[in-house]
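Colleague: One-letter residues, chain by chain:
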Amino acid sequence: MNGRNPENGRKQVMFHDHRTFSFSNIVMVLVVVFLFLPLFVVVLYSFNSSKGMTWDHASLVWYEKLIFDSPSLWMAFKNSLIIALTSSATATVLGTLAAIGIKWYRFPGKSYITTVSYLPMVLPEVIIGISMLIFFSAVKIQLGMFTIFVAHTTFNLPFVFLLVSARLDEFDYSTIEAARDLGANERQTLLRVIIPSIMPGVLSGFLMSITMSLEDFVITFFVSGPGSGTLPLYVYSMIRYGVSPVINALSFVMILGTMLIAWVFRRFLKTIAANS
Amino acid sequence: MSIKDGRRSSERRERRLGVSYAAPMGVWFTVFFIAPLVIIILYSFLKRGLYGGVEWEFSLTAYGQMFNPNFGKVLLRTIWISVVATAFCILLAIPTGYAMARSKHQTLLLFLIIIPFWTNSLIRIYAWISILSTEGFFNEILKSLGIIDEGLHLIYNHGSVILVLIYMYLPFAILPLFTTIDKFDFSLLDAARDLGATKFGAIRLVMLPNIRSGLLTAIVFTFIPIFGAYTVPLLVGGKDSTMIGNIIVDQVSKTRNWPLASAFSMILTLVSTVGVIWMMMSSRKEQAQKKNVTNQQKTEQNILDHHTTGGEA
Chain A
0 MNGRNPENGR KQVMFHDHRT FSFSNIVMVL VVVFLFLPLF VVVLYSFNSS KGMTWDHASL
60 VWYEKLIFDS PSLWMAFKNS LIIALTSSAT ATVLGTLAAI GIKWYRFPGK SYITTVSYLP
120 MVLPEVIIGI SMLIFFSAVK IQLGMFTIFV AHTTFNLPFV FLLVSARLDE FDYSTIEAAR
180 DLGANERQTL LRVIIPSIMP GVLSGFLMSI TMSLEDFVIT FFVSGPGSGT LPLYVYSMIR
240 YGVSPVINAL SFVMILGTML IAWVFRRFLK TIAANS
Chain B
0 MSIKDGRRSS ERRERRLGVS YAAPMGVWFT VFFIAPLVII ILYSFLKRGL YGGVEWEFSL
60 TAYGQMFNPN FGKVLLRTIW ISVVATAFCI LLAIPTGYAM ARSKHQTLLL FLIIIPFWTN
120 SLIRIYAWIS ILSTEGFFNE ILKSLGIIDE GLHLIYNHGS VILVLIYMYL PFAILPLFTT
180 IDKFDFSLLD AARDLGATKF GAIRLVMLPN IRSGLLTAIV FTFIPIFGAY TVPLLVGGKD
240 STMIGNIIVD QVSKTRNWPL ASAFSMILTL VSTVGVIWMM MSSRKEQAQK KNVTNQQKTE
300 QNILDHHTTG GEA
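Going line by line, the protein sequences match chains A and B. Counted the way numbering that gives the first Met the number 0 counts, the first sequence spans residues 0 to 275. Counted the way numbering that gives the first Met the number 0 counts, the second sequence spans residues 0 to 312.
Just so you know, these hints were derived from the structure itself, not from any lab. A quick note: this is a predicted structure, and the numbers were derived from the prediction, not measured. Note that the Cβ used here is the ideal one computed from N, Cα and C, for glycine as well. Be a bit skeptical, because a hint or two may be false.
[Unchecked claim] Capping the alpha-carbon separation at 30 Å, the derived lysine-lysine pairs in DSSO-like fashion look like this: (1) A:Lys102 with B:Lys46; (2) A:Lys109 with B:Lys253; (3) B:Lys284 with A:Lys269; (4) B:Lys198 with A:Lys269; (5) B:Lys103 with A:Lys269; (6) B:Lys142 with A:Lys50; (7) B:Lys238 with B:Lys253; (8) A:Lys50 with B:Lys103; (9) A:Lys102 with B:Lys142; (10) B:Lys72 with A:Lys139; (11) A:Lys269 with B:Lys238; (12) A:Lys139 with B:Lys253; (13) B:Lys72 with B:Lys238.
[Stated by the list, open to error] Going by beta-carbon spacing under 10 Å, a handful of chain B positions derived as facing chain A: (14) Trp27; (15) Pro94; (16) Tyr125.
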């Protein structure tokens with residue numbers, strides 16, 4: 000009998016369930032179709048020359064409009080990029096350091112930090128958004144790019160922390176002791192030994208943060224001020240106040256972007272599935 | 000320096016290093032996450048300010064207002080919509096996760112599940128609007144086939160809210176279930192079959208107890224975001240399909256009743272916390288059990304029990 004998973008001899012499959020049309024396979028195929036149907040429809044209609052849902056003929060007119068005739072959309076995209084880069088960078092630095100500290104050292108407040116870092120992933124987004132909105136107005140901070148940056152860093156941190164911690168689990172502590180025995184000080188150990196070897200975890204944390212940040216709508220919706228609209232906020236206003244098929248073209252571009260990111264992550268997909 | 004002094008100084012050093020590594024994140028979360036939460040807890044016990052904001056006077060008015068029949072209706076609706084949508088997600092996710100774990104093309108399948116999952120949520124909601132609306136994709140197809148003359152009202156009702164919620168949160172159920180089923184030793188199912196269990200019986204009695212923690216994670220992580228949904232009922236729901244999330248936002252931005260918004264937020268926070276604690280306790284219990292009896296032994300016992308009691312009747 001063929002082993003299902005070549006790198007794992009443990010899972011020799013013998014359960015008599017090899018039929019292609021088993022119940023579970025049929026459900027899985029239907030689920031995948033269900034998940035892709037809306038994406039397919041949007042992409043299809045992005046190439047439709049007319050405005051409505053009746054098919055006229057194939058055209059690239061909405062892509063032309065998207066690229067050359069949507070200045071406010073590009074403005075929003077620029078805001079999104081600025082926020083994504085700054086908040087992901089901040090989250091990556093803070094999250095990586097914290098993961099190192101929590102993994103190897105004992106100190107007061109450790110369990111507090113671990114528990115608290117878990118919460119933003121669990122609480123509904125509305126709560127995080129509203130509580131931040133109320134907080135910023137209580138301490139009188141004007142809503143704008145800065146408040147969005149703070150909010151995004153906050154919800155990005157747990158992902159970096161988690162992915163880097165997972166990577167640290169595979170790291171052999173004796174390497175550090177060796178570095179110290181050879182005379183490296185703490186800073187040298189961190190920069191030359193620890194960071195290089197956990198780089199894959201750090202990078203995936205950073206990329207994950209960028210993805211999360213570019214995609215977030217609910218939290219950003221609450222903490223944004225005038226002139227600080229991000230791309231998802233712009234999409235929201237398009238949906239609410241007058242839909243132009245430009246949104247279909249934009250959707251296809253965003254779906255392609257998502258596919259690219261998922262492809263970059265292809266090796267980590269299982270880890271991501273386990274941690275999501 | 001004596002050994003004791005050395006140990007003490009290394010302990011102190013460990014503490015200093017640990018704190019300096021972890022403090023920046025700890026401080027960040029305390030200021031920008033815990034403090035805001037504490038503020039809404041506080042606000043929920045205060046009096047409403049005349050023009051938004053709060054007055055610093057203790058009051059339980061907000062909690063009283065929650066039992067206003069109008070809000071009560073929304074609360075009940077939120078509960079039943081969340082239960083129905085979560086149930087559908089789980090029922091679809093179990094066979095899907097199973098088929099994915101058994102497949103030779105795991106990476107491809109994960110890719111296929113994750114792409115829609117990572118695609119911008121507003122784009123996905125918009126896609127459903129363009130499918131379901133009166134002049135949408137679905138109605139146009141039916142019209143061109145000559146089945147109907149006028150578009151059906153498929154959107155802006157409870158049904159469309161539930162459908163789109165299932166769509167949005169199905170991956171939250173599939174991914175943890177896939178992960179646990181993937182770790183499951185499928186040869187146990189063969190053993191159960193050899194001992195005379197039916198296929199369904201083998202899955203129910205041998206596999207389900209072993210994937211309990213994944214099942215719980217799936218339920219909790221699907222139910223919580225659905226219970227706190229805001230965008231979906233706003234964009235595809237009708238006038239009477241609002242959920243708690245919408246009330247909270249309306250109370251903040253329109254009615255400007257911050258204490259009431261805070262009180263409702265407390266409910267959402269409480270539900271989430273209970274769910275997470277339940278999940279963590281159960282996974283801890285499972286780990287403790289694994290220390291005593293390995294899962295394998297337990298399962299063998301299960302099969303044996305099942306076999307000796309005459310099997311699935």
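Colleague: Take the hints in turn and mark each one as holding or not.
Modeller: Right, here's what the structure says about each hint:
{"no.": "1", "hint": "A:Lys102 with B:Lys46", "in the structure": "violated (44 Å)"}
{"no.": "2", "hint": "A:Lys109 with B:Lys253", "in the structure": "violated (41 Å)"}
{"no.": "3", "hint": "B:Lys284 with A:Lys269", "in the structure": "holds (25 Å)"}
{"no.": "4", "hint": "B:Lys198 with A:Lys269", "in the structure": "holds (28 Å)"}
{"no.": "5", "hint": "B:Lys103 with A:Lys269", "in the structure": "holds (14 Å)"}
{"no.": "6", "hint": "B:Lys142 with A:Lys50", "in the structure": "holds (18 Å)"}
{"no.": "7", "hint": "B:Lys238 with B:Lys253", "in the structure": "holds (16 Å)"}
{"no.": "8", "hint": "A:Lys50 with B:Lys103", "in the structure": "violated (43 Å)"}
{"no.": "9", "hint": "A:Lys102 with B:Lys142", "in the structure": "violated (61 Å)"}
{"no.": "10", "hint": "B:Lys72 with A:Lys139", "in the structure": "violated (35 Å)"}
{"no.": "11", "hint": "A:Lys269 with B:Lys238", "in the structure": "violated (41 Å)"}
{"no.": "12", "hint": "A:Lys139 with B:Lys253", "in the structure": "holds (20 Å)"}
{"no.": "13", "hint": "B:Lys72 with B:Lys238", "in the structure": "holds (13 Å)"}
{"no.": "14", "hint": "Trp27", "in the structure": "holds (6 Å)"}
{"no.": "15", "hint": "Pro94", "in the structure": "holds (4 Å)"}
{"no.": "16", "hint": "Tyr125", "in the structure": "holds (5 Å)"}
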